[in-house]
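Undergrad: Sequence:
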Amino acid sequence: MIDRSYLPFQSAREYQDTKMQKWMGFFLSEHASALSDDTNKVTYMSDLSLEKKLLLLSQVYAGQLRTRIQVIEKTSVFPTLEQYQV
Numbered sequence: 001m002i003d004r005s006y007l008p009f010q011s012a013r014e015y016q017d018t019k020m021q022k023w024m025g026f027f028l029s030e031h032a033s034a035l036s037d038d039t040n041k042v043t044y045m046s047d048l049s050l051e052k053k054l055l056l057l058s059q060v061y062a063g064q065l066r067t068r069i070q071v072i073e074k075t076s077v078f079p080t081l082e083q084y085q086v
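If you read the sequence shown in the working numbering, its first letter stands for residue 1, the second for the next number, and so on.
Computed beta-carbon distance windows for the label pairs:
no., residue 1, residue 2, range
1, K53, S33, 24 to 32 Å
2, I69, E30, 23 to 31 Å
3, E51, D3, 55 to 63 Å
If you are wondering where the hints come from, they were derived from the structure by calculation, not from laboratory data.
Backbone N, C-alpha and C fix where the C-beta goes; we use that ideal spot for every residue, glycine too.
All chains should be built: construct the whole structure from the sequences, respecting the hints.
TA: Structure representation (structure tokens):
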């Protein structure tokens, strides 16, 4: 809070600016929505080469960072001949 005790008028000393409060509300709202956008972010790691994936994993390990790894097995909708070779 701003010290206005030096002002001669009581109304001026007790004035509270609401602009900053409104701005902080806006900032918090934008910050919360930005955080929710990050949690809904989809990355396609399968597009990366194996070397780039290993590089990212080593950076996470070296920096002692938290990460979430999800392994998705892709199955083919249309079987190929290679799957049924004996």
